[in-house]
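*Asks:* As a plain string of letters, each chain reads:
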Amino acid sequence: MRRLVALALFVVLAGTASIAVQSCAQKPGKQPASPSGGPSSDPSPDDTLTPGVPPPVT
Amino acid sequence: MATAGLLRSPAFDGALIGGVLALALALGGVAFARPEAFAAILLFDFWLLAYPHVAATYTRIALDRRSVRENAFLLFALPPIVLAGTASAAWLGGAELLNTIYFYWQTQHYTMQSFGIARAYHRAASATRRDRLTDVVVLAFPIWGVLHRAHQAPAQFYGSPMWWPPMPRVLVGVAAAIAIGALALWSWREMRAPRGATLFVLSHVVITSVSYVAIPEVTRGWLFINVWHNAQYILFARRTPCGRSRRGSASRGARGRTRPSASRSRRSRTSRSGARFRASRGKRFRS
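Protein sequences, first through last, are from chains A and B. The first sequence begins at -16 in the numbering used here and counts up one residue at a time. The second sequence begins at 21 in the numbering used here and counts up one residue at a time.
Please keep in mind that the hints were generated in silico from the structure rather than gathered at the bench. Just so it is clear, CB atoms sit at the ideal spot from N, CA and C, and this is done for glycine as well. Accuracy of the hints is not assured; some may be wrong.
[To be verified] A few chain B residues that don't get close to chain A, going by computed Cβ distances all over 12 Å: (1) R85; (2) A104; (3) W206; (4) P236.
[What the hints assert, rightly or not] Going by beta-carbon spacing under 7 Å, a handful of chain A positions derived as facing chain B: (5) A(-11); (6) V(-6); (7) A(-3); (8) A3.
[Unchecked claim] Simulated DEER-style distance windows between Cβ atoms: (9) A:Q5 with B:R85: 48 to 58 Å; (10) B:W183 with A:C7: 16 to 26 Å; (11) A:L(-10) with B:A46: 19 to 29 Å; (12) A:L(-10) with B:Q128: 29 to 39 Å; (13) A:L(-10) with B:R258: 43 to 53 Å.
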């Protein structure tokens, strides 16, 4: 069990370090596609929420 | 490590830590990989997790007359205040202000839930001293995540405009270094004496890093942590029974189950405190 926990700790530590390095390489303001598949600045009618309507607090 | 420091039992804690994390990663992952599935997964999240998670709050504050009296402000005064505040924010700042408040507030809310559960694990391990290193790890990752999103500054969150403070890249780097440095120190410590809290805090680190940093799009990233938070609360609320019976088992609920001998003595204290509570209730309602 202890070895498994140690392995999990190592994997998470390595994973977060890798995420940090990748995020540093990201350019600001360049957003990928929105959930509907279109660019986030141009939500399609398929978007789950109508633009202008705030999300329900969950 | 068999049951030491667990909140309830290996099965319950396994579901709370591993099950909830797996569910959030699976649903969020599908929505990320297949954007056309986002709406269906969001619907599932709302109806089976988010709304029941809100309802679960009421099972803790409004299930009997005494609970209603004790929580009168939360039940009767707070809702109109929140309604007035929300309406005023919408009137003054529109969707952008509401969206912005929502994003930062949900981050704080989810983080505080993790903070509270980590504390519950700490108490379940019969620890007396405050564990500040764990606190730093729990807080540092959401802070890094939010600063990263602010640096990205997406024009929209959830299909609505969103305001972000200007965020220099160097500040995000400093936040990342603090978070990962604290995680490294904490991992070194936990490796020598793993506890129930170890895996819980790891699950918090994983979901926060994925949701706020690894997933490049803010709304699809948010879905991961929203599923995690909702499912986690529903399970955590099951840990202590609701309303009247909750008070009878308050000592068990507050401290969790640790060692078998401790559990036995606690059960006996629980039944005594339950009897005292029932007696006091009897007096209260007769008078």
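*Asks:* Each hint should be assessed against the structure and marked as holding or not.
*Replies:* Status of each hint after checking the structure:
1. R85: Given a closest Cβ separation of 28 Å, the condition holds.
2. A104: Its Cβ never comes within 12 Å of chain A, the nearest being 15 Å, so this holds.
3. W206: violated (9 Å)
4. P236: violated (5 Å)
5. A(-11): At 5 Å from the nearest chain B Cβ, A:A(-11) passes the 7 Å test, so the hint holds.
6. V(-6): Since chain B brings no Cβ nearer than about 9 Å to A:V(-6), farther than 7 Å, the hint is violated.
7. A(-3): A:A(-3) check fails; min Cβ-Cβ to chain B is 10 Å, beyond 7 Å.
8. A3: holds (4 Å)
9. A:Q5 with B:R85: 48 to 58 Å: Given about 55 Å between the Cβ atoms, the range holds.
10. B:W183 with A:C7: 16 to 26 Å: holds (24 Å)
11. A:L(-10) with B:A46: 19 to 29 Å: holds (21 Å)
12. A:L(-10) with B:Q128: 29 to 39 Å: holds (32 Å)
13. A:L(-10) with B:R258: 43 to 53 Å: Roughly 30 Å apart at Cβ, these two residues miss the hinted range, so it is violated.
Going down the numbered hints, you'll see the structure goes against 3, 4, 6, 7, 13, while the others check out.
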